[in-house]
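Chemist: Okay, here's what each chain looks like letter by letter:
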Amino acid sequence: MTHKTEELLNKLQERTESILQKAVQEWQLLPPEQLSVKPGPDKWSPAQCLEHLNFYGHHYLPAIEKAIKAAKGRNGIPAEVFKSGWLGQYFTQLMLPQPDGGLKSTMKSPKNAVPAAEPEPLATLAEFMEQQERMLQLLEAARAVNLTTVRVPISLSPWIRLRLGDTFGFVVAHNERHVLQLEKGLLLHPKILANLVQSTP
Amino acid sequence: MQAAIESLRQFIPDLPYEIQADFEAIWQPFEAKRKVILSAEGAVEKHIYFVLEGVQRAYFVGEDGQEATLVFTYAPSFGGVADSFLLQTPSNYWYETLTPSRFLRSTFQQLDALMLRHHALERIIRLLTSQALAGVLSRQIELQNFSAEARFRALLKRSPQLLQLVPHKYIASYLGMDATNFSKFMGSVRL
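Residue numbers (the working numbering), protein chains in the order written: chain A, 1 to 201; chain B, 1 to 191.
Next comes chain A alone, as it looks inside the complex:
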């Protein structure tokens, strides 16, 4: 599958921006306890969803940054078109929600990516927002390099490397997957969006 590089990066930035806006405009205004409520006995709380995403961010953000820097050092030049690899497409497809908004497969996360029972909600959310800001900057920096030839090792193995464009696609789709899960969790409880502007004495 091929994409126009510029359109792909624009789209990925928009999707990341929209996740970040939810965090800024809604989640950080909620009483923090609400982020710790589990929607079911074996389900993750919103804070756990975020911690899980942060765990992947810890790997992918520095790995992407390193790959972009190295490519710039080699004077790599951007290409107009990005060609997605089969492995990247496969991983990304696994993450995407169905058209009806449901999740395709319930997957088991690798053991080391399972979040703590009760992560500190505000610190976890703050880190998540920082990671999304960094993601936006990396998507911008990626405009200077070739998304097809630059490769990033996946979190499971340093030997398997995805194309930079696929890495971005996978990470953003994975973020969206768990943001969807998080929002479903929040919906189960009455939304107490702090109406700070109006309620300020």
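These are calculated hints, taken from the structure and not from any lab test.
Be aware that one or more of the hints could be misleading.
Stated by the list, open to error - As a list, the in silico DSS-like pairs of lysine-lysine whose alpha-carbon atoms are at most 27 Å apart:
no.	chain 1	residue 1	chain 2	residue 2
1	A	K11	B	K33
2	B	K35	A	K38
3	B	K169	A	K4
4	A	K43	A	K83
5	B	K33	B	K169
6	A	K22	B	K169
7	A	K66	A	K43
8	A	K72	B	K33
9	B	K46	A	K66
10	A	K66	B	K184
11	A	K22	B	K46
12	A	K4	A	K69
13	A	K66	B	K157
14	B	K33	A	K22
15	B	K35	A	K11
16	B	K33	A	K69
17	B	K33	A	K4
Claimed, not checked - Calculated Cβ distances over 12 Å to all of chain A for the following chain B residues:
no.	residue
18	Q2
19	W27
20	R34
21	V36
22	S77
23	R117
24	S130
25	L133
26	Q164
We treat Cβ as the ideally placed atom computed from N, Cα and C, and that holds for glycine.
Since chain A is already given, all that's left is putting chain B on it; use the hints.
Modeler: Just chain B now, with coordinates in the frame of chain A:
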């Protein structure tokens, strides 16, 4: 563009028509996404911004990498690294967008040339600079004499919209408090 110019016009009241027209002619539309650095430490600020949309901040980075947010800018107001712009000396701090932003912007050369030509315009710029100075001094009082809670309350009164526009770590940094203290005060105003 017309709406943008009209928004700018409220800051330059009572100028003779030809001076107003000269002034309005030096501005160009400019846009930036979230977390884009507009001015870097060590560089001379070339631009003055008039904010139409979005939130930006000026911040200082200490030797330990610790960031201190000095000021937020948002519509309708002027933005940029004010001292570096006015004095044309290298900046000690950074200026960046915190949300997707739209501006009008002009350059020092253009504004300076107009101020030399029109005394009435230079006077308006002096008044705007004076207001900015007054703002800096009253913030200095807040930082040195107010309790953390009073600083939080003052911000809530002045710019409550910031709480749902930017990640709270920037506001905590502006108020000179850590995330734990900030969330304690947030809890006290939440219903």
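Chemist: Evaluate each hint against the coordinates.
Modeler: Do the hints match the structure? See the list:
no., hint, verdict
1, A:K11 <-> B:K33, "holds, 13 Å"
2, B:K35 <-> A:K38, "violated, 33 Å"
3, B:K169 <-> A:K4, "violated, 36 Å"
4, A:K43 <-> A:K83, "violated, 37 Å"
5, B:K33 <-> B:K169, "holds, 19 Å"
6, A:K22 <-> B:K169, "holds, 16 Å"
7, A:K66 <-> A:K43, "violated, 35 Å"
8, A:K72 <-> B:K33, "holds, 22 Å"
9, B:K46 <-> A:K66, "violated, 31 Å"
10, A:K66 <-> B:K184, "violated, 38 Å"
11, A:K22 <-> B:K46, "violated, 34 Å"
12, A:K4 <-> A:K69, "holds, 22 Å"
13, A:K66 <-> B:K157, "violated, 43 Å"
14, B:K33 <-> A:K22, "holds, 17 Å"
15, B:K35 <-> A:K11, "holds, 17 Å"
16, B:K33 <-> A:K69, "holds, 21 Å"
17, B:K33 <-> A:K4, "holds, 20 Å"
18, Q2, "holds, 27 Å"
19, W27, "holds, 25 Å"
20, R34, "violated, 6 Å"
21, V36, "violated, 7 Å"
22, S77, "holds, 19 Å"
23, R117, "holds, 39 Å"
24, S130, "holds, 29 Å"
25, L133, "holds, 28 Å"
26, Q164, "violated, 5 Å"
Of the numbered hints listed earlier, those contradicted by the structure are 2, 3, 4, 7, 9, 10, 11, 13, 20, 21 and 26.
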